[in-house]
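Let the sequences and hints guide you as you build the complete structure.
Listed in order, the protein sequences are those of chains S and X. Residue numbers are given in the numbering used here: position 103 of the first sequence equals residue 103, and the series is strictly consecutive. Residue numbers are given in the numbering used here: position 68 of the second sequence equals residue 68, and the series is strictly consecutive.
Do not take every clue at face value.
[As the list claims (entries may be wrong)] The calculated label-pair distances, taken between Cβ atoms and stated as ranges, are:
(1) S/Lys-203 - X/Lys-26: 23 to 31 Å
(2) S/Thr-168 - X/Ala-131: 44 to 52 Å
(3) X/Lys-43 - S/Glu-279: 55 to 63 Å
(4) S/Thr-168 - X/Asp-292: 47 to 55 Å
(5) S/Val-102 - X/Glu-170: 23 to 31 Å
(6) X/Arg-291 - S/Val-102: 38 to 46 Å
(7) S/Asp-25 - X/Ser-283: 33 to 41 Å
(8) S/Ile-23 - X/Lys-261: 21 to 29 Å
(9) X/Thr-168 - S/Lys-203: 52 to 60 Å
[To be verified] Example chain X residues on the side facing chain S (calculated, C-beta under 8 Å, incomplete):
(10) Pro-27
(11) Val-102
(12) Glu-105
(13) Ile-109
(14) Asn-117
(15) Glu-121
(16) His-125
(17) Leu-128
(18) Thr-140
(19) Ala-147
(20) Gly-148
(21) Gln-156
(22) Val-158
(23) Leu-160
Honestly, the hints are just simulated from the structure, not real lab data. Every value quoted in this text rests on a predicted model; they were computed, and no experiment measured them. Ideal Cβ placement from N, Cα and C applies to all residues, glycine included.
Number of protein chains: 2
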Amino acid sequence: MFDDILMEKIEYINNGLNKLLDIDDKPEILYDAMRYSVFAGGKRLRPVLCISSCELVGGDRDDALPVACAIEFIHTYSLIHDDLPAMDNDDLRRGKPTNHKVYGEALAILAGDALLNYGFEVLIHHALDSANCQNILRATEEIAHAAGCHGMIGGQVVDLLSENKNITEEELKFMHDHKTGALIKASVVAGAIMGGADDETIKKLSDYAEYIGLAFQIKDDILDVLGDESKLGKNVKSDLENGKSTFVSVFGLQRSISLVKELTASAIRILDDFGEKSEFLKSLTKYMADRDS
Amino acid sequence: MFDDILMEKIEYINNGLNKLLDIDDKPEILYDAMRYSVFAGGKRLRPVLCISSCELVGGDRDDALPVACAIEFIHTYSLIHDDLPAMDNDDLRRGKPTNHKVYGEALAILAGDALLNYGFEVLIHHALDSANCQNILRATEEIAHAAGCHGMIGGQVVDLLSENKNITEEELKFMHDHKTGALIKASVVAGAIMGGADDETIKKLSDYAEYIGLAFQIKDDILDVLGDESKLGKNVKSDLENGKSTFVSVFGLQRSISLVKELTASAIRILDDFGEKSEFLKSLTKYMADRDS
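As structure tokens, this is what we get:
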């Protein structure tokens with residue numbers, strides 16, 4: 001049941017992404033490179049959170065779809081740039097060659113730039129087309145802040161600076177709050193804004209998103225130690241090899257596993273306030289904690 | 001007289017850029033890297049065009065300032081990424097070491113990403129703060145389109161693909177229309193929108209901007225052949241060494257010089273319609289054609 005609903009939502013989002021990337025312009029190779037990474041098998045977690053949060057507060061998911069797609073474009077750009085030789089130098093992502101392995105480094109940089117820019121283009125068009133301009137702008141502000149220097153990019157810089165260094169719990173938390181947590185939170189909050197939620201509801205869902213964002217990252221670190229390469233589609237133990245501090249290296253494996261459980265329980269407790277409507281998000285929250293890839 | 005007015009405008013813009021980049025957050029090195037390239041001696045041509053176009057149509061330049069600054073952030077990000085080893089591999093820009101020479105490649109990629117993202121953050125904040133939200137969104141749409149896959153990034157990809165190849169006049173023009181022309185045009189058009197211009201006026205200024213954008217790029221190619229390295233702050237003949245097609249290689253030097261004159265004259269004829277108010281932009285247009293750096 002949950003699987004079917006999730007699959008339907010992913011298909012809905014993939015259709016949206018497909019339409020937005022069905023661009024007939026030159027140079028073709030740029031659009032190929034953009035599409036390659038967007039359709040390289042992502043789990044669509046952020047856009048699913050975005051439309052589900054919109055639906056949870058009683059909104060129409062069609063209003064949130066362009067926002068959800070823009071978030072996925074921005075997320076994909078960040079993966080392309082993270083994988084570059086000058087950054088994590090990864091050859092595989094989701095079991096496929098990374099963008100720069102297929103298109104070369106220069107085009108990978110530009111395809112990433114183009115996806116970031118296109119995310120904002122989609123949001124601005126949506127705002128100009130809509131009667132609901134103010135909500136779209138507020139959602140865009142959340143996303144822009146989460147993606148930028150105060151969010152994802154700041155976290156990525158801290159990650160770079162932390163290589164081969166022992167970092168404190170506080171620094172580790174700062175890094176992941178920014179690098180992964182911020183955009184996950186923005187996905188949930190932007191969805192709630194698009195659904196017309198009031199400030200109190202937005203605050204609740206923002207707290208919910210903080211819990212799942214942190215749980216998601218800790219789970220990622222656990223999978224890097226315990227995961228199955230064939231399921232993950234990437235090399236395990238890469239954090240260790242790259243000299244990266246992770247929740248597992250700082251807290252230990254057992255404490256990390258407990259933390260995922262605690263954070264997931266806290267997240268679900270917040271969803272209790274929303275009654276039956278929150279069944280899907282509750283299942284998704286558990287699915288995120290239990291995933292093996 | 002023109003020099004004094006230009007200097008005053010540049011100072012006005014630099015103050016705006018300074019305030020927007022006066023950010024007290026971690027990680028400091030990211031903000032240092034962003035500031036380094038923004039304050040590495042740019043001519044501020046695009047933001048000057050933006051506020052001047054706003055003033056020309058009777059607007060208040062304070063309304064256009066955040067838009068002008070966002071354009072300069074986006075322009076600066078494009079320079080940082082263009083200079084990367086995987087792209088043009090330039091060590092010097094405006095007589096100073098390029099961003100990746102100072103901060104390393106990874107941080108240069110991220111500082112560029114951060115400036116692109118921050119440009120949109122500034123625009124969105126401005127739209128949310130302002131009574132004039134619709135105009136800011138329209139200006140933002142122009143900028144986003146000009147900076148993205150259909151504009152600057154598309155042009156840069158064509159540039160990459162053209163290395164060590166003979167390209168046609170048409171391909172050369174496509175490349176520069178997109179790579180340089182689009183953002184120059186967006187600067188003028190966005191300024192006019194912020195000044196409250198009607199559609200007919202915007203169309204006129206858009207034509208004006210097309211002429212100066214093309215003249216600007218041809219002049220750039222001429223300077224790469226005839227320029228003085230100490231004034232340019234970069235190596236000349238780099239296009240030739242990189243096997244790049246330029247207006248000089250395609251049209252020859254004499255024809256290129258004539259083209260700059262013709263395009264400049266056409267641009268100034270459009271400004272004639274605006275009477276005395278257009279004196280500054282006329283001088284700026286001549287200054288762009290006569291510049292030696």
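These are the hints, each one checked on the structure:
1. S/Lys-203 - X/Lys-26: 23 to 31 Å: For X/Lys-26 against S/Lys-203, whose Cβ atoms are near 25 Å apart, the range 23 to 31 Å holds.
2. S/Thr-168 - X/Ala-131: 44 to 52 Å: holds (46 Å)
3. X/Lys-43 - S/Glu-279: 55 to 63 Å: holds (59 Å)
4. S/Thr-168 - X/Asp-292: 47 to 55 Å: holds (53 Å)
5. S/Val-102 - X/Glu-170: 23 to 31 Å: holds (29 Å)
6. X/Arg-291 - S/Val-102: 38 to 46 Å: holds (41 Å)
7. S/Asp-25 - X/Ser-283: 33 to 41 Å: holds (37 Å)
8. S/Ile-23 - X/Lys-261: 21 to 29 Å: For S/Ile-23 and X/Lys-261 the Cβ distance comes to about 37 Å; the hint is violated.
9. X/Thr-168 - S/Lys-203: 52 to 60 Å: At 58 Å between Cβs, range holds.
10. Pro-27: Hint holds; X/Pro-27 Cβ to chain S Cβ min 5 Å, cut 8 Å.
11. Val-102: This interface hint is violated because 14 Å lies over the 8 Å limit.
12. Glu-105: Result: holds, 4 Å to nearest chain S Cβ.
13. Ile-109: holds (6 Å)
14. Asn-117: holds (4 Å)
15. Glu-121: Constraint on X/Glu-121 satisfied, holds at 4 Å.
16. His-125: Holds: closest Cβ of chain S sits about 7 Å from X/His-125, inside 8 Å.
17. Leu-128: holds (5 Å)
18. Thr-140: Holds, about 5 Å.
19. Ala-147: Holds, because the Cβ-Cβ distance from X/Ala-147 to chain S comes to roughly 6 Å (cut-off 8 Å).
20. Gly-148: Status holds, d = 4 Å.
21. Gln-156: This interface hint holds because 6 Å falls under the 8 Å limit.
22. Val-158: Cβ of X/Val-158 sits 5 Å from chain S, so the hint holds.
23. Leu-160: This interface hint holds because 5 Å falls under the 8 Å limit.
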